[in-house]
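Novice: Taken in order, these protein sequences are the chains called F and X.
According to UniProt numbering, the stretch in the first sequence is residues 1 to 453, in order.
According to UniProt numbering, the stretch in the second sequence is residues 1 to 266, in order.
Don't read these hints as lab results, they were simulated from the structure.
Treat the hints loosely; a few may be bogus.
Okay, derived cross-link-like pairs now, DSSO-like style, lysine-lysine, Cα gap no bigger than 27 Å in a straight line [unchecked claim]:
#1 F:Lys260 x X:Lys96
#2 X:Lys209 x F:Lys453
#3 F:Lys337 x X:Lys97
#4 X:Lys209 x F:Lys337
#5 F:Lys48 x X:Lys164
#6 F:Lys266 x F:Lys337
#7 F:Lys453 x X:Lys96
#8 F:Lys337 x X:Lys184
#9 F:Lys453 x X:Lys243
#10 F:Lys337 x X:Lys202
#11 F:Lys266 x X:Lys96
#12 X:Lys184 x F:Lys437
#13 F:Lys58 x X:Lys245
#14 X:Lys39 x F:Lys453
#15 X:Lys184 x F:Lys266
#16 F:Lys453 x X:Lys202
#17 F:Lys59 x X:Lys252
#18 F:Lys260 x X:Lys5
#19 X:Lys5 x F:Lys453
#20 X:Lys5 x F:Lys136
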Amino acid sequence: MTYIQQFLFVIAVGVTGFLISKRVGLIRRAIQLGRAENRSDHSDERLKTMLLVAFGQKKMFANPLVAVMHFVIYAGFIIINLEVLEIILDGILGTHRLFAPVITPVYPFLINFFELLALGVLIVCVVFLLRRFVVKVSRFQPERHEEMRPSWPRLDAALILIFEVLLMTAFLTWNAADSILRDRGIGHYGELQGVVPDFIISQFLKPGFSGLSDGALIAYERFSWWFHILGILTFAVYVTYSKHLHIFLGFPNVYFSDLKPKGEMKNMPEVTKEVQLMLGLSPADATEVPAEGEPAIGRFGAKDVEDLSWINLMNAYSCTECGRCTAACPANITGKKLSPRKIMMDTRDRLEDIQKGWKEHGADYKDEKSLLGDYITAEELNACTTCQACVQACPININPLDIILQLRRYRVMEESQAPASWNAMFSNIENNMAPWKFSPGDRFNWADQINEK
Amino acid sequence: MTSEKTYTVPTMADMMAAGETPEILFWVGCAGSFDDRYKRVTIAFARILNHVGIKFAVLGPEETCTGDPARRAGNEFLFQMQAVANIQVLDGYSVKKIVTACPHCFNTLKNEYPALGGNYEVIHHSTYLQQLINEGRVKVEGGESFKGRRITYHDSCYLGRANKVYEAPRQVLAALDADLVEMKRSRANGLCCGAGGAQYFKEPEAGKKDVNVERIEEALGTGADTVAVACPFCMTMMSDGVKNKNQEDRVKVYDLAELIAKGQGL
Numbered sequence: 001m002t003y004i005q006q007f008l009f010v011i012a013v014g015v016t017g018f019l020i021s022k023r024v025g026l027i028r029r030a031i032q033l034g035r036a037e038n039r040s041d042h043s044d045e046r047l048k049t050m051l052l053v054a055f056g057q058k059k060m061f062a063n064p065l066v067a068v069m070h071f072v073i074y075a076g077f078i079i080i081n082l083e084v085l086e087i088i089l090d091g092i093l094g095t096h097r098l099f100a101p102v103i104t105p106v107y108p109f110l111i112n113f114f115e116l117l118a119l120g121v122l123i124v125c126v127v128f129l130l131r132r133f134v135v136k137v138s139r140f141q142p143e144r145h146e147e148m149r150p151s152w153p154r155l156d157a158a159l160i161l162i163f164e165v166l167l168m169t170a171f172l173t174w175n176a177a178d179s180i181l182r183d184r185g186i187g188h189y190g191e192l193q194g195v196v197p198d199f200i201i202s203q204f205l206k207p208g209f210s211g212l213s214d215g216a217l218i219a220y221e222r223f224s225w226w227f228h229i230l231g232i233l234t235f236a237v238y239v240t241y242s243k244h245l246h247i248f249l250g251f252p253n254v255y256f257s258d259l260k261p262k263g264e265m266k267n268m269p270e271v272t273k274e275v276q277l278m279l280g281l282s283p284a285d286a287t288e289v290p291a292e293g294e295p296a297i298g299r300f301g302a303k304d305v306e307d308l309s310w311i312n313l314m315n316a317y318s319c320t321e322c323g324r325c326t327a328a329c330p331a332n333i334t335g336k337k338l339s340p341r342k343i344m345m346d347t348r349d350r351l352e353d354i355q356k357g358w359k360e361h362g363a364d365y366k367d368e369k370s371l372l373g374d375y376i377t378a379e380e381l382n383a384c385t386t387c388q389a390c391v392q393a394c395p396i397n398i399n400p401l402d403i404i405l406q407l408r409r410y411r412v413m414e415e416s417q418a419p420a421s422w423n424a425m426f427s428n429i430e431n432n433m434a435p436w437k438f439s440p441g442d443r444f445n446w447a448d449q450i451n452e453k
Numbered sequence: 001m002t003s004e005k006t007y008t009v010p011t012m013a014d015m016m017a018a019g020e021t022p023e024i025l026f027w028v029g030c031a032g033s034f035d036d037r038y039k040r041v042t043i044a045f046a047r048i049l050n051h052v053g054i055k056f057a058v059l060g061p062e063e064t065c066t067g068d069p070a071r072r073a074g075n076e077f078l079f080q081m082q083a084v085a086n087i088q089v090l091d092g093y094s095v096k097k098i099v100t101a102c103p104h105c106f107n108t109l110k111n112e113y114p115a116l117g118g119n120y121e122v123i124h125h126s127t128y129l130q131q132l133i134n135e136g137r138v139k140v141e142g143g144e145s146f147k148g149r150r151i152t153y154h155d156s157c158y159l160g161r162a163n164k165v166y167e168a169p170r171q172v173l174a175a176l177d178a179d180l181v182e183m184k185r186s187r188a189n190g191l192c193c194g195a196g197g198a199q200y201f202k203e204p205e206a207g208k209k210d211v212n213v214e215r216i217e218e219a220l221g222t223g224a225d226t227v228a229v230a231c232p233f234c235m236t237m238m239s240d241g242v243k244n245k246n247q248e249d250r251v252k253v254y255d256l257a258e259l260i261a262k263g264q265g266l
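Bound conformation, chain F alone:
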């Protein structure tokens, strides 16, 4: 019996590993569609930012109550995984509580700590479900936000939270059933009598199981043990298809985030060369020959995901759709179509659709669609005030503004599709050296009034 269980367990772990590695490979390939961008500079500052913002969740503390609740789930996730290590080893080796005899003095302390966290995670997940579906926190509501209207984002959020509740319930009740079997001295459970005591939370669940026969208890113990670990393995695969991927990508996402002032737009060196030629200046690096194998300049700005930087694409896979960006966006607050969260979700949807194309039509397949037009409309792009509130609000330093501005560049420089009044502003700058139609000669007239009262 034990051998069959060990065999099945190893297969389950193997299948999980295979599915995850396949999916990770696809996501990596999708992110690598983006243009190269070097973000390996200032490693000290990057590490510090990652420790503060990703590990320390500094930006979450803009709302301390939510931050503490989120921290409980986060700490629970990381720390309970230590227990998962024991469970996996037990599963492979056919042992029971492998670590208990080895680290007897600290074992109860550890499990008590895990149980407290498990209870915390369970409570917080219920609160989060209530916030989403009963209290109806505005940024999650489809009535208010177009990008939350398809069923998947809401289902995804609900599934993750319900998953967690079930996993924590299985973990706690497993400990309770195991504890009764130990008390009754049955089989290998009884061998740990005197080694493993009752635990801090599950002891209170024991009365609910004490009426069961030995056989029923063993059945429940096995069921909850398998449900818990298979649930974790399933969840690990599910995460790679879900917005929940932020639990892993949040860290590199913060590490590689932009360290420059938020107001600074990326320069376009390919434009600089042309401008210097037009102005009759010799480019500083006129003798520079493009490096071997460097691709020719494609287009100005971005039309589709491959015109964006890999950072933008990693941002898209890291987004948890929490909507703090959108809740801070002045355009969205005042009822315009623009939603920074939708920009990130559209970018990810585009990448996922490209992946589907690879699966169905071969690895180099490319459909006729593009991010600009088929996913993100000009109306959304034009509504942006570039105020950087979305960038500021994101707990993991995602930058929706960078994508918006690159798409705008394509609209204006490749398609000449600026709104008419922007074209007027451009021609004023070109002809009058100011965005308005004033004579450049009048620019200094203000000084005539300096001595008037």
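Put chain X on the given structure of chain F with help from the hints.
Specialist: Leaving out everything else, chain X in the frame of chain F:
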């Protein structure tokens, strides 16, 4: 009349002809040069510089748009044409230190010109005024008293979030000895006035309301009689918001430099 102090505004060309080098270049910006309302800010700041005795100069007719609205709208060519031409002028005068009252010019000159070869020390006028106050060179006395007046400060995105200048404007206002009240959305969480990203130069997209109205409602909610701004575009948006709410008799919008100049009786 002869006893009245006369203010002067030298240009870089004047200075060069006289063989002199100014301490700072005052970058006026397009709004500061052409917008009737913001010209009063330019004049207030130039008067303060005169009063303190700062050796400054302006580019005058040689100044042109930094290219900021073109860049934000997506027209990188036009931005770089402007930037490269401006850098030639600035470098021609060997400019080292620039002070400007426009956060958009400030952000562009400070953060975006270096990639095109223009490297200067760029300071926003809020920071510069704060320095002058701290050094005791600007004393708010001899003019209008602001004691007990309620003032709320509206953060400009390109000064605040873009460049983390949150304290300098507030310290300048503190020198007025007024009652500074904060809006709920302030500093890093400040709400945009609605003008940035070249929005100022077109009609807004369809929506429920205008951004400046949303913002002015918040400002009026503080009970302030003065909304202090530090940006020409915020100035227009907030003033329009006040008009939209028919509060122009009760609530005034002023730039920091204007408030200091008033306090000094300039």
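Novice: Run through the hints listed earlier and report the numbers of any the structure violates, in increasing order.
Specialist: The structure conflicts with hints 2, 3, 7, 12, 13, 15, 16, 17, 18 and 20, although it agrees with all the remaining ones.
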